[in-house]
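J.: Here is how the chains run, residue by residue.
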Amino acid sequence: MKDCQNGNIKFALPKGRFLSPTASLLDEIGLVFQGYSAKAKQYRVHSTRFPGLAAKILQEKDIPIQVAVGNYDLGICGADWIEEYLVKYPTGTLLKVACLNYGEGDIHVAASARGRITSLNEVSIKRSDCRIVSEYPNLSEVFALDLRMKRFRIFPVWGAAEAYPPEDADLAVLWGRSGAHIAAQGLISLEKLLPVSAFLVANRESLENKDLSHILMCFDSRLGAGPRIRVRNESARSGGSKGGIPSWRAKEINLALPDGHQQGPAARFLQRAGLTLQGYSEQLLRRRPSADLDWLGIKVIRPQDMPLQVANGNFDLAITGEDWLQEHLCRFPSSPVKKLFALGFGAVKIVAAVSQDMPADSIDDLRLLVQSGRLAPPKVASEYINIADRYLCDNRINPYRLIPTWGASEAFLPEDADMLIDNTQTGKTLKQHKLKALDVLFQSSACLIANKNSLASSRKKEKIKVVTHKLRAGLS
Amino acid sequence: MKNQKCKGMQDLLPNDMSRFRHIEDTFRDCCRNWGYQEVRTPTLEYLHLFTATGTLTPKMLSKVYSFLDWDGWSGERVVLRPDGTIPIARLYIDNLGREELARLFYVTNIFTFEGTGKQNRERWQCGAEFFGASRFTADIEVILLAEDVIRKLGIGNDKLQLSHAGLVRALLQEFKLSPAEEARMIDRILEGDWEALAKSGPADPESRRLMAALLNLKGKTSGFLRNVRASFPKTSPDFKSALEDFLAVTTLLDKFGCSYEIDIAAMHGFEYYTGACFQFTAGGEKIGGGGRYDRLVPLMSGGNIAACGFALYMDSMTPLLRPRKEENAKCRILVKGKGVTPEIAERCFALAASIRDAGYPAEIDFTDREESCFRWVIIISGSKRSRFTLKDCVQNRRRDSASVAEILRVVSKG
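Going line by line, the protein sequences match chains A and B. Following our numbering from start to finish, the first sequence increments by one per residue and tops out at 1113. Following our numbering from start to finish, the second sequence increments by one per residue and tops out at 561.
The hints are simulated quantities; they were obtained by calculation from the structure and are not laboratory data. Cβ coordinates follow ideal geometry from the N, Cα and C atoms, glycine included. Some hints here could point you the wrong way.
With beta-carbon atoms standing in for the labels, derived distance ranges [claimed, not checked]:
no.	chain 1	residue 1	chain 2	residue 2	range
1	B	Arg282	A	Glu845	53 to 63 Å
2	B	Asn242	A	Ser765	23 to 33 Å
3	A	Ser765	B	Arg175	36 to 46 Å
4	B	Asn242	A	Ser1094	33 to 43 Å
5	A	Glu1052	B	Gly264	23 to 33 Å
6	A	Trp1043	B	Asp512	51 to 61 Å
7	B	Lys152	A	Asp1002	24 to 34 Å
8	B	Lys299	A	Asn1023	44 to 54 Å
Quick partial rundown of chain B residues pointing at chain A, CB under 7 Å, derived from the structure [stated by the list, open to error]:
no.	residue
9	Ala199
10	Leu208
11	Ser221
Work out the full structure: start from the sequences and follow the hints.
T.: Given below as structure tokens:
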């Protein structure tokens, strides 16, 4: 009980899909956290029963690594993100304690209903490259190796994996509620890799050295419940419904448009530019909208994924942020992706920020703190890991630890990280979380990027000019 | 001071390097004597070289260091070489594929992740590969070459274990597994899980008897294999052919008086073996292994080229070597400056250069450190006109020498 009383125990709770069922479960077992609900406006919540038990609400993807590194003793998240971590780091300190028996759907391996692949046998005997797109690159790699694929390439994406097959990927490894749900996205499920249930996870050292018994006893009724068994070779094919999905033909010029926060401003910009689109507006999102130019193919994907997709030639043009272009170029300096021009919306600053309590007002101060030993190797949370890595190296911060995040890096400071490198529009969020900017790395706004080879292609350059001319019109 | 070495990596200190070079030199000499030529492959290779069926198992692949290169936006992954043979096969296909026969050898490091960080993640091996070698005589050649190296290194009590991948594959065919199940079963066997094979035993009693006999094969002569052949007259043609091949290898080894133990379960680790395979152990450690891999070059689109080879594991062999005396200890010479004036420094460097030109190693020192590890110490203490003082550390005598020539004359006499 000592640890529960003394504020020694930290619990990572999931945002998003598992928030409501997790809140219900915690309520049911008497482990209520004040403020942990769908309307939660804060990251930090406290147990009403154990004064020493604190929790933080995190992106589900971040929970396995946060528990593994010991920032949290316990956590709840989906089996998909746990396995994504464990297949890469099997000897780490993350332990699955119990399946909590809620959650839905499975991780599927799927191909396009319109493509040539209808079974995994065809994939395993395929002699040419197999392109796999997924938010789960580690699970995808294990799948490809298990299937003894001769040659494969994995494209990690931040989301919208369903939009890629068949033109831009042969297979997608993605979550689906059911075979029908997969089919509704124009795909056929070839195999279920993993059922997605919520799990209670723990840090191994915490289990060995801390008294977690009172908290684990709350889960008593759930402990020992076995996870759903991995199903292999169970085809979840459901006919691959072709109804309701706009057709997609190979087009001469391919343009990627952003979803998420940038969708609204991008749609308004395109309207201003006079590019008439069906299925892409502030309110409406189709993964494959159509344009009034019949040679222009359009897909809507995550802006984070665009530079890589443009580099690979899957798209000739894309509207993304300068921040994501920079992140890509830090990783792949000779990439054939080029910024054509800024589009004048989505302006943010990329900043390095620390807690207001830290005795440093500049990156030079931080370096001195590290060099003098007054600050242990700083932990730096960022969704821009390549920009952060470059920035820290350039500024001779040595050593440091990078913590990749999936957004909302401010939630990590000050307990789980010493510094963040993230974007900010007005600086309001930083102030709300008692943070201060040490440095502005650069300004970023939405921009049009292009594949250099497409720009040089005699077959494409004239039509690219037509599109860029139209988009420039939107600038005024 | 905090240890800053990467987990799982090792430093080789002067004593380690002395033994390392001894292994390397012995191996090189032996290989050259057998007509093998040295090659070297890059540290980075494409991942896809190692992923196809018949190369590395999924478990081994899960431990490779793979990543995207700086220009890896296409998603093509590269690996730190996890195996010695496959890159050599790639080198052969890329550069030497038109030659009917190629005998190649290499000394290289390989990288495999090991979870605890207590064992080496970077390991050194010296290996030899014989391409275009389709007959059992080539199997004998690589076994005898490996034995030659081990013998010349003076590693005693080494044990040779023989297995045959063709026998195992022929046995698996009796199980009537689907291609995918058979691939998974091979993976498990290669990872040492022979229980899996025993548990999914075939239904017919003859195959069950054959499997039990194979798993318990621990004979030490080709006669033993002949008796096995006589005990199982109704085996498949593939099994018979593999057994005949194994018999040819063991019969010739018997004739050379080479002792071995037949242990089918000794085959594990590499999926590319197709015929006779072997491993050497000494002091309870596996110090090397090899075998025939006729399918690897065709799998890598290199044509129908048979091959066999072996690798010796330098990290396992090093502790088994007797400590080596410092090679140059007999004639180590120290040129010692008494004081660090420009004149003394100039005379020290000039004298040391003359000694080296005459073929002796010479160190220079301006400190008061212990001189006991040197055979000769030459002390320079004054202006150009002053003489050298030559100290014989073995006889514990000092004498003044007038010139470099005089010093070299004394040193050459030992």
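J.: Hint by hint, say whether it matches the structure.
T.: So, going through the hints one by one against the coordinates:
1. Arg282(B) - Glu845(A): 53 to 63 Å: 59 Å, holds
2. Asn242(B) - Ser765(A): 23 to 33 Å: 24 Å, holds
3. Ser765(A) - Arg175(B): 36 to 46 Å: 41 Å, holds
4. Asn242(B) - Ser1094(A): 33 to 43 Å: 35 Å, holds
5. Glu1052(A) - Gly264(B): 23 to 33 Å: 28 Å, holds
6. Trp1043(A) - Asp512(B): 51 to 61 Å: The hint (51 to 61 Å, Cβ to Cβ) holds, given that Trp1043(A) and Asp512(B) are roughly 60 Å apart.
7. Lys152(B) - Asp1002(A): 24 to 34 Å: With Cβ atoms ~31 Å apart, the hint holds.
8. Lys299(B) - Asn1023(A): 44 to 54 Å: Between Lys299(B) and Asn1023(A), where Cβ atoms are some 51 Å apart, the hint holds.
9. Ala199: 4 Å, holds
10. Leu208: 5 Å, holds
11. Ser221: 6 Å, holds
In this structure, every one of the numbered hints holds.
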